[in-house]
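Chains as they are written, first to last, in my numbering: chain A, 1 to 270; chain B, 271 to 581.
Hints listed in this document are in silico derivations from the structure and should not be mistaken for laboratory results.
Each hint should be verified, as a subset may be incorrect.
To be verified - The calculated PhoX-like cross-link candidates involving lysine-lysine, where the alpha carbons are at most 25 Å apart (straight line), are: (1) A:Lys114 to B:Lys399; (2) B:Lys399 to A:Lys11; (3) B:Lys385 to B:Lys446; (4) B:Lys385 to A:Lys11; (5) A:Lys51 to A:Lys114; (6) A:Lys51 to A:Lys65; (7) B:Lys399 to B:Lys385; (8) B:Lys405 to A:Lys114; (9) B:Lys399 to B:Lys446; (10) B:Lys405 to B:Lys385.
Claimed, not checked - Covered, in the sense of this in silico footprint (three residues per stretch, anywhere, with C-beta under 8 Å from a C-beta of chain A), are these stretches of chain B: (11) 315 to 325; (12) 354 to 360; (13) 365 to 377.
Since the structure is predicted, the reported quantities are computational estimates derived from the model, not experimental observations.
Using N, Cα and C, we set each Cβ at its ideal position, and we do this for glycine too.
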Amino acid sequence: MRRSYIINIIKKEWEDTLSNLNTLLFVTLLPLIIIGQGLLIIYLVVRFAGKGVLMSTMFQTAMEKLETILPSIAELPAMDKLQVLLFSQLHIYLLLIPVMIAITFATFSIIEEKQSGSLEPLLATPVRTDELFMGKALAGSIPALVMTWVCAGLSLIGVACLGTAHILDAVVTPSWFISVFLLVPAVTVLSFLLGVIISSRVNDPRNAQNISLLIILPVLALIAVQVIGALMLTPLLFFIIAVLVGVVDLAVLRIGVRLFQRESIIVQWR
Amino acid sequence: MAVIETFGLSRSFGNIVAVEDLTLAVEQGEVLGFLGPNGAGKTTTIRMLAGTIAPTRGYAIVAGFRTDHEVERLHEVIGLLTEAPGFYNRLSARRNLEFFAGFYPNVDTQSQVDKYLRLMGLWERRNDKVGTFSKGMKQRLALARALLHEPQVLFLDEPTAGLDPEASREVREFIKSLSQQGRTVFLSTHNLAEAEFICHRVALFRRQILAVDTPENLRQRLFNRQVVVQMDSAEDSVVDAVKKLDFVQVVQREGARLIVELADFERNRPNLVECIVTAGGRIQEVSETEYSLEDIYLTLVREETEGSNSH
Numbered sequence: 001m002r003r004s005y006i007i008n009i010i011k012k013e014w015e016d017t018l019s020n021l022n023t024l025l026f027v028t029l030l031p032l033i034i035i036g037q038g039l040l041i042i043y044l045v046v047r048f049a050g051k052g053v054l055m056s057t058m059f060q061t062a063m064e065k066l067e068t069i070l071p072s073i074a075e076l077p078a079m080d081k082l083q084v085l086l087f088s089q090l091h092i093y094l095l096l097i098p099v100m101i102a103i104t105f106a107t108f109s110i111i112e113e114k115q116s117g118s119l120e121p122l123l124a125t126p127v128r129t130d131e132l133f134m135g136k137a138l139a140g141s142i143p144a145l146v147m148t149w150v151c152a153g154l155s156l157i158g159v160a161c162l163g164t165a166h167i168l169d170a171v172v173t174p175s176w177f178i179s180v181f182l183l184v185p186a187v188t189v190l191s192f193l194l195g196v197i198i199s200s201r202v203n204d205p206r207n208a209q210n211i212s213l214l215i216i217l218p219v220l221a222l223i224a225v226q227v228i229g230a231l232m233l234t235p236l237l238f239f240i241i242a243v244l245v246g247v248v249d250l251a252v253l254r255i256g257v258r259l260f261q262r263e264s265i266i267v268q269w270r
Numbered sequence: 271m272a273v274i275e276t277f278g279l280s281r282s283f284g285n286i287v288a289v290e291d292l293t294l295a296v297e298q299g300e301v302l303g304f305l306g307p308n309g310a311g312k313t314t315t316i317r318m319l320a321g322t323i324a325p326t327r328g329y330a331i332v333a334g335f336r337t338d339h340e341v342e343r344l345h346e347v348i349g350l351l352t353e354a355p356g357f358y359n360r361l362s363a364r365r366n367l368e369f370f371a372g373f374y375p376n377v378d379t380q381s382q383v384d385k386y387l388r389l390m391g392l393w394e395r396r397n398d399k400v401g402t403f404s405k406g407m408k409q410r411l412a413l414a415r416a417l418l419h420e421p422q423v424l425f426l427d428e429p430t431a432g433l434d435p436e437a438s439r440e441v442r443e444f445i446k447s448l449s450q451q452g453r454t455v456f457l458s459t460h461n462l463a464e465a466e467f468i469c470h471r472v473a474l475f476r477r478q479i480l481a482v483d484t485p486e487n488l489r490q491r492l493f494n495r496q497v498v499v500q501m502d503s504a505e506d507s508v509v510d511a512v513k514k515l516d517f518v519q520v521v522q523r524e525g526a527r528l529i530v531e532l533a534d535f536e537r538n539r540p541n542l543v544e545c546i547v548t549a550g551g552r553i554q555e556v557s558e559t560e561y562s563l564e565d566i567y568l569t570l571v572r573e574e575t576e577g578s579n580s581h
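Start from the sequences, fold in the hints, and give me the full structure.
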């Protein structure tokens, strides 16, 4: 693959995206809103409903499971344990960010090219389809990863500010690192690829986004099962999930690459 | 020297045959008009020749490269103007061209972009977003994009579609000038007057080639030459005298006008005029029936349709 061609595509994709105010706001503001909302909800729950929550058997079960994973929190007061339980969900919540950004980039960039008819002249240049695919993938994935990591940093600052002392130590665990640095990239790639596949079949960016929003349901389900204590993910489980998503990435990549051939784009993409 | 050569080039989509057994050669510097009705397979043919889709049978060589095996090298030496101009509407005209120029090795992006922005009359609007351009401006910008890397061969799909008469004329003149520079142009168009004006040869096409030749040769092949004699009045005595001439094949009278088909047209035309004058006819004007490319096109398409129906 020729690096200059890939850089050319990435630069164009970013210029085009930055010149669209809606997409720009979506990529920059939405992640901040997601993480701000998460922090705010946790703060409000702890501040105003903490005692009630502590009485709930569901949360007691969840905290018992959390203690088996993090024995160091056993000595903390109950309210601090609740904070650890809630704040430690934030890194899973962060997964929403790469999913949404990568899908938005994939759907907007491909469907707009389909609508304007710019793909065909592009495919008549010496650029290869794998270079085009890689350029678009990186153009969508880099901002998704950067924004997620920025938000991960901001979430830790939020935890440090809103939580009681020592909470940060209980939140930044091996699970946090595996989630942020393995699972987030794997989910980003998967989201982009699914965005490409959906975009090849749909001509309206809104339809594509509606369909692709289904991808966030597993992420929400993961948060739900953790909070209610149905399943508490250990670092090993996080690692296994990241590897599984990586395997799914490879399988979906094969479909994506097969779809992203000159012939398919011109003949089959409608 | 043939720059475009096709050998039994065919393409099907499922059970539908879009292009069948196309064998054709286009010389360097030639402008070939590719004419046919909607759905005839013109765009499919251009796509196969430009290497963006593969044939299901046969092959093509363009500028020395197989269009199915040597796509990257091929794309360095051809330019393609697609039916829809296809630009990034939020980017400027200059940025759009810079982006496309970035894929051609050995192209001085800035000087080529500047050159074609000026040549296409878009210099003043170079920093404006393409989304604000009229259709004609987009079409000129698309031509600039197709030419940025100075290709040997150009494939133009409906280059004047949707343009106003003045813009169309400018584009036609420009295409003619490309041929004068030695570039080969493969032009798909519905505009028959345009094809007649620009093209050295035309290929009439409907899934397969119906005829390829110069418009003049096609006229001679399809239609007998006819003398049109406009008189004050076409008296019966004059018509009878003409009918008696042994080189006269067909005579039609339309009011004061005689339309006559002759054997050995050039030699016998003066003899016909002499006969009419001798028979007392007062001649106002002698001319020849003119058949347009449209007549040729419609005749061939009709014959092909009748041929298909009879099978």
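### Query
Does lysine 446 (chain B) lie within 25 Å of lysine 399 (chain B) when you go C-alpha to C-alpha?
Violated, at roughly 29 Å.
### Query
Going straight from one Cα to the other, do lysine 405 (chain B) and lysine 385 (chain B) come out at no more than 25 Å?
holds (21 Å)
### Task
Take the segment 354 to 360 of chain B, compare each residue's beta carbon with every beta carbon of chain A, and decide whether three or more fall closer than 8 Å.
Three-residue rule met by the segment 354 to 360 of chain B, so holds; n is 7.
### Message
Hint check: lysine 385 (chain B) vs lysine 446 (chain B), CA-CA at most 25 Å. Holds or violated?
### Response
holds (19 Å)
### Query
Within 25 Å, alpha carbon to alpha carbon, are lysine 405 (chain B) and lysine 114 (chain A)?
holds (18 Å)
#### Entry: Within 8 Å of chain A (C-beta), three or more residues of the segment 315 to 325 of chain B
Check passed, 6 qualifying residues.
### Message
Can you confirm whether the C-alpha distance between lysine 399 (chain B) and lysine 11 (chain A) stays at or below 25 Å?
### Response
Holds, at about 17 Å.
### Coverage claim, chain A over the segment 365 to 377 of chain B, checked by counting residues with Cβ within 8 Å (three needed)
holds (count 7)
### Message
Given the hinted pair lysine 51 (chain A) and lysine 65 (chain A), is their Cα-Cα distance within 25 Å?
### Response
Roughly 19 Å separates the two Cα atoms, so the pair holds.
### Task
Compare the distance between the alpha carbons of lysine 385 (chain B) and lysine 11 (chain A) with 25 Å, and conclude whether the hinted pair is satisfied.
Holds, at roughly 23 Å.
#### Entry: Holds or violated: lysine 399 (chain B) to lysine 385 (chain B), with C-alpha atoms at most 25 Å apart
holds (19 Å)
### Query
Does the structure keep lysine 114 (chain A) and lysine 399 (chain B) at a Cα separation of 25 Å or less?
Holds, at roughly 19 Å.
Checked against the numbered hints given earlier, this structure breaks hints 5 and 9; the rest are met.
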